[in-house]
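What follows is the residue order along each chain.
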Amino acid sequence: MGGDDCDGPPPLKRMKLSISATKSIPVEASPVYPTGLAPMARDLPSSDGETLGCKGQIRKLEFVRIITQALFSLGFQKTANVLEEESGVSLQSPVITQFRNEIMGGKFDESVSTLRKVAPLEPETLKSASFLILQQKFLELLDSGDTLAALKTLRTELSPLQINTQRVHELATWVICPSKEELKEKAEWEGAGLDSRARLLEELQELLPPSVMIPEKRLEHLVDQALTVQREACIFHNSLDNALCLYSDHRCGRDKIPTKTLQVLSAHEDEVWFLQFSHDGKYLASASKDLSAIIWEVVRDDYVRVKYTLKGHTKAVSFVAWSPDDTMLLTCGNEEVVKLWDVQSGECKHTFNKQNSNFSSCAWFPDGKRFVSGGTDKCIYIWDLEGKEIDVWKGARMPRINDIAITRDGTHLVSICGDKDIRIYNMELKVERVIEEEKPITSLSVSKDGRYLLVNLVSQEIHLWDIFEDDKTSKPFKYKGHRQERYVIRSCFGGSDQAFILSGSEDSQVYLWHRGNGELLEVLPGHAGTVNCVSWNPVNPHMFASASDDHTIRIWGLSKSPPRSKGSCSSNGGVDHLVNGGTRELMEKLRPF
Amino acid sequence: MGKLYLIQLDGRIYSCKFCHSHLANSDQLVSRQFHCRHGKAYLFNTVVNVSVGPHEDRRMTTGLHTVADIFCNCCQQIVGWKYELAHELAQKYKEGKFILERAKVVDGDSNGSTDYYLDSQPVHSDTEDV
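Quick note, the sequences are listed as chains A and B, same order.
Residue numbering for the first sequence follows our numbering, beginning at -4 and increasing consecutively.
Residue numbering for the second sequence follows our numbering, beginning at 448 and increasing consecutively.
Among the hints, erroneous ones may be present.
[Said to hold, decoys possible] Heads up, simulated DSS-like pairs for lysine-lysine below, C-alpha to C-alpha not over 27 Å straight-line:
(1) A:K415 <-> A:K473
(2) A:K122 <-> A:K112
(3) A:K475 <-> A:K415
(4) A:K434 <-> B:K464
(5) A:K181 <-> A:K122
(6) B:K464 <-> A:K310
(7) A:K179 <-> A:K122
(8) A:K470 <-> A:K434
(9) A:K434 <-> B:K544
(10) A:K415 <-> B:K539
(11) A:K443 <-> A:K473
(12) A:K112 <-> A:K55
(13) A:K389 <-> A:K415
(14) B:K464 <-> A:K373
(15) B:K544 <-> A:K415
(16) A:K251 <-> A:K473
(17) A:K467 <-> A:K425
(18) A:K212 <-> A:K73
Treat the hints as calculated values from the structure; they're not laboratory data.
Whole structure, please, built from the sequences with the hints as guidance.
Shown next, in the form of structure tokens:
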């Protein structure tokens, strides 16, 4: 209600009025505050102990200040000024404003003395900050050609600080730089002007306590943190688009994970042992016991068709590897030769052979010109595309290689040696790390970022290891639930951000876990035989494929509506097949008769 | 069938006679003094690439034992049995160990092993190694 007109109302009453009547300024209080004195005159309601949020965790004063900073950085100067006035909380104290202006204006000596007036600082901080300012002064003086003054600064101002003497020596050497360009290059300095001064301010801000000079973009940083927490809590999160909505907490539903068979591919005539999507997600390669490999073309989410059938192996094909640019494909026979195929023409370019070749798997180098192969003959060969053997690793310490992989960036070579050992060889540092598992390992795969590796064990566990982890006692992250006793079952990373782990199983189902918390999210039936291998499309987080002993490959995608209401047969492309549980539904429909 | 995962051993290996998948290493051999229906049998500490069948109680020359037949992972042939439980104290040392029938395995060292059968006995028999 309107202001009081007498001077002596009890202070309490005045305070209450001030809080409620934020719009109308009471008559007593002076109408215009010079910016800067406001906090002094009005250090009443908005500061001191007022907190926001349901837990009382947010201090109102700090909250208002970061909002003001956000407004300034977004360019809304006028709004920011009004906010400062209304709330009585200014973004930075006048001393700081003065300090900033002095730095940006190049008045370094004044800024050093202002520095002392800023809130109490530790002597160390004061020295480091002064050092930075004086260094800038020195560089600017040199830049403008005033060498004598620069030297004077060095001698009388920088050295007495007695910190970072090495840097002082460095600065001294730059005095004799012949040209400005060379000075800039050596000092990694942008030259006198607003840019370098702004950078100086940033560096100073890191030194000073945050309440004095709030770090840039503080509000954005806090919101980012909250979004990251939400995203990590969302276990079904599986979309391509990175931005989250601010209006409500992010929570994906189960329908974001592919759970429905969209297509069944039956071109193989025998068990399908391996399959993998190309890096660009446009093709799929599968390897089968029928001695052939097939390159499929991914036309649509639910339509994949044969492009080429690659024949030539005399034994079952057990492994394929796409070149980094997806133009070539390597196929390995089951302890047989390695063949190189051209994807565009479907022709075999070369067959790699060693006496009694017993290759079990191969991996490309990131340059796409060489690859490694490992086999039961206890040697690792490095080949070039013409068939020449570039190098070989063998010897007494090299046991049988069951599986081999190279990380995308080419830094690590991972191999499964002698059933239970994982050998991670850092090709740059030439250092090897060996992880010994307790049970035999059947297969290996590495993540897209080259940080993690996944192994399937005969003991029905899948272990996730960190490649960079150096700790000898570290334990792997484990995924369980599937069945594996006798056969080589493969697993893979997948989904957006590779947040899921997918594996085949001897009970004919596909198993899907959340990578972060190990929770088994989905068990997908459909195949009629052991699921040997799975591969997630690297480009489409809503598509993956599985290969099985029932001679088929299944393409899985999102189920758009609950299966019950849709009826048994899926409608796509006239391909006649029964989807997840489709048979059961058909039978249920017939039962009443 | 899927791509079978077979463990490969090094050294002197006893392999399955029919599919040649590795079964046991000679350094795991405990005794050669055992017998089975088809002849000699060897006792091993551990064997690989076999799967274990259901438990059965069988009376053997040395007493009652609970055993489980073992099958080669690759060709599914019975290659011997595993001692799960020995009901007599003196036989306890056999528990957890495996018997491989001499007739079903090939010795790693010799090429074309000379297999000869002893007189067949109507019941499973075994003897202990003194």
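So, going through the hints one by one against the coordinates:
Between the alpha carbons of K415 of chain A and K473 of chain A the distance comes to roughly 16 Å, so the proposed pair stays at or under 27 Å and holds. This hinted pair checks out: K122 of chain A and K112 of chain A have alpha carbons roughly 14 Å apart, not beyond 27 Å. Between the alpha carbons of K475 of chain A and K415 of chain A the distance comes to roughly 19 Å, so the proposed pair stays at or under 27 Å and holds. Proximity of K434 of chain A to K464 of chain B is assessed by CA-CA distance (about 26 Å); at most 27 Å being required, the pair is judged to hold.
This hinted pair checks out: K181 of chain A and K122 of chain A have alpha carbons roughly 24 Å apart, not beyond 27 Å. Taking the CA atoms of K464 of chain B and K310 of chain A, the gap is about 22 Å. The hint holds against a cut of 27 Å. Taking the CA atoms of K179 of chain A and K122 of chain A, the gap is near 25 Å; set against the 27 Å cutoff, the hint holds. Proximity of K470 of chain A to K434 of chain A is assessed by CA-CA distance (about 14 Å); at most 27 Å being required, the pair is judged to hold.
With a C-alpha separation of about 19 Å, the suggested pair K434 of chain A and K544 of chain B falls inside the 27 Å cut-off, and the hint holds. Only pairs whose Cα atoms come within 27 Å are accepted, and K415 of chain A paired with K539 of chain B is rejected, the gap being roughly 31 Å. The straight-line distance between the Cα atoms of K443 of chain A and K473 of chain A is roughly 19 Å, inside the 27 Å bound, and the hint therefore holds. Of the pairs offered as hints, the one joining K112 of chain A and K55 of chain A holds, with about 26 Å between alpha carbons and a cut-off of 27 Å not exceeded.
Taking the CA atoms of K389 of chain A and K415 of chain A, the gap is near 18 Å; set against the 27 Å cutoff, the hint holds. Proximity of K464 of chain B to K373 of chain A is assessed by CA-CA distance (about 24 Å); at most 27 Å being required, the pair is judged to hold. For the suggested pair K544 of chain B and K415 of chain A, the alpha carbons sit about 22 Å apart, so the restraint of at most 27 Å is met. Between K251 of chain A and K473 of chain A the CA atoms are separated by roughly 24 Å; this keeps the pair inside 27 Å, and the hint holds.
Taking the CA atoms of K467 of chain A and K425 of chain A, the gap is near 18 Å; set against the 27 Å cutoff, the hint holds. Our distance criterion of 27 Å between C-alpha atoms is met by K212 of chain A and K73 of chain A, whose separation comes to about 18 Å.
Going through the hint list in order, the structure does not satisfy hint 10, though it satisfies all others.
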